[in-house]
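There are 2 protein chains.
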Amino acid sequence: MGKWPQMLQIREATAADAGLILALVRELAEYEREPEAVKATEQDILRDGFGSRPRFHCVIAEWAGEPAGFALFFYNYSTWEGRAGLYLEDLYVRPAFRKRGIGKALFNHLAQRAVDENLSRLVWQVLDWNQPAIEFYESIGARHASNWMTMRLTGEALEKLARA
Amino acid sequence: MGKWPQMLQIREATAADAGLILALVRELAEYEREPEAVKATEQDILRDGFGSRPRFHCVIAEWAGEPAGFALFFYNYSTWEGRAGLYLEDLYVRPAFRKRGIGKALFNHLAQRAVDENLSRLVWQVLDWNQPAIEFYESIGARHASNWMTMRLTGEALEKLARA
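Protein sequence lines correspond, in order, to chains A and B. All residue numbers for the first sequence refer to the working numbering, where the first residue is 1 and numbers rise by one. All residue numbers for the second sequence refer to the working numbering, where the first residue is 1 and numbers rise by one.
The following block holds chain A by itself, in its conformation from the complex (with noise of 0.2 Å):
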């Protein structure tokens, strides 16, 4: 434990913090300046995080026992490496707790849990426009995938391609 402050605990997530995690990503979604786009109930992350088929997994950082942040991930893979790698979905720190370390301590908490479990790599994206958090991505050793376009297909077009 000697790596973290010792007010901070990084704990696993468990059904019982269902509507604690859907409040964080609510929280997450305001900064992202998305306010509206967060669809997700309390029942979806239950069924999604705690059910029969796990489709995420979540820690979440406590200060002093109050909850302080999360991260909610799930397993990727790179048919290159051979390997699985984590594919971070969400991280945040509340703005009363941050410059304490906590997202550091989240990164090194998913770092040591790919290292431990032979995973390939971390993945996530970050808003161009997100400036603070790109500087503390690349502080921490990230890289820009540059040259890769994220392509989607969602909603209506999705299923008039399903039909097709």
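Incorrect hints may appear among the rest.
Same chains, same names: a pair is fine if it fits in one copy or spans any two.
The calculated PhoX-like cross-link candidates involving lysine-lysine, where the alpha carbons are at most 25 Å apart (straight line), are [claimed, not checked]: (1) K99 - K39; (2) K160 - K104; (3) K3 - K39; (4) K3 - K99; (5) K104 - K3; (6) K104 - K39; (7) K99 - K160; (8) K160 - K3; (9) K39 - K160.
Derived from the structure by calculation, the hints contain no laboratory data.
Let chain A serve as the given structure and place chain B on it in line with the hints.
Chain B only, in chain A's frame:
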């Protein structure tokens, strides 16, 4: 079966396809100008695709019984949607089998799967110089998530952060 040419069949890959999948992964890496990038072995593919804890799923496209291409994917998760989605890691049609609608049929298969499983989206990445692919993806309704940058932490940097 009426939606695709009769010569074409799309089937689930099995453990017996591990060697074929690796060959297709290598051909795709050559096309992506990264022939040395594939470190995966047939054992990796067997373990991660067809072992006790599958890390990916794969379908094979056959033309008149010949392996013509493949799609390899895993489940991602959207905390905004509260639903899983499909992340398409690799999609490839061998040069000799192009211009027959096989790529479109693979996408159609994945979209159908996404709709059947109530998934929120199909996501993948494309190299920014691959204009024919980008145009094809746009023609089937995909959109470029242009304000999101992909960050990666691998190798030495990942191990260093794990020890931090």
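Tested hints:
Taking the shortest Cα distances, K99 and K39 never come within 25 Å of each other, neither inside one copy (30 Å) nor across copies (39 Å). Taking identical chains as interchangeable, the C-alpha atoms of K160 and K104 lie at most 25 Å apart only when they sit on different chains, with a minimum of 13 Å there against 43 Å within one chain. Taking CA atoms no more than 25 Å apart as the test, K3 paired with K39 passes in neither setting, with 37 Å inside one copy and 33 Å between copies. Taking identical chains as interchangeable, the C-alpha atoms of K3 and K99 lie at most 25 Å apart only when both belong to the same chain, with a minimum of 16 Å there against 57 Å between chains.
In this assembly of identical chains, the alpha carbons of K104 and K3 lie at most 25 Å apart only when taken from the same copy (11 Å versus 51 Å across copies). Neither within a single protomer nor between protomers do K104 and K39 lie at most 25 Å apart by alpha-carbon distance, with minima of 29 Å and 30 Å respectively. Taking the closest pair of Cα atoms, K99 and K160 come within 25 Å of each other only across two copies (21 Å); inside a single copy the shortest separation is 47 Å, beyond that limit. For the homomeric pair K160 and K3, the shortest alpha-carbon distance between copies (13 Å) is at most 25 Å, but the shortest distance inside one copy (51 Å) is not.
In this homomeric assembly, K39 and K160 come within 25 Å of each other (Cα to Cα) only inside a single copy, at 22 Å, whereas the closest approach across copies is 37 Å.
When the structure is compared with the earlier hints, violations turn up for hints 1, 3 and 6 and for no others.
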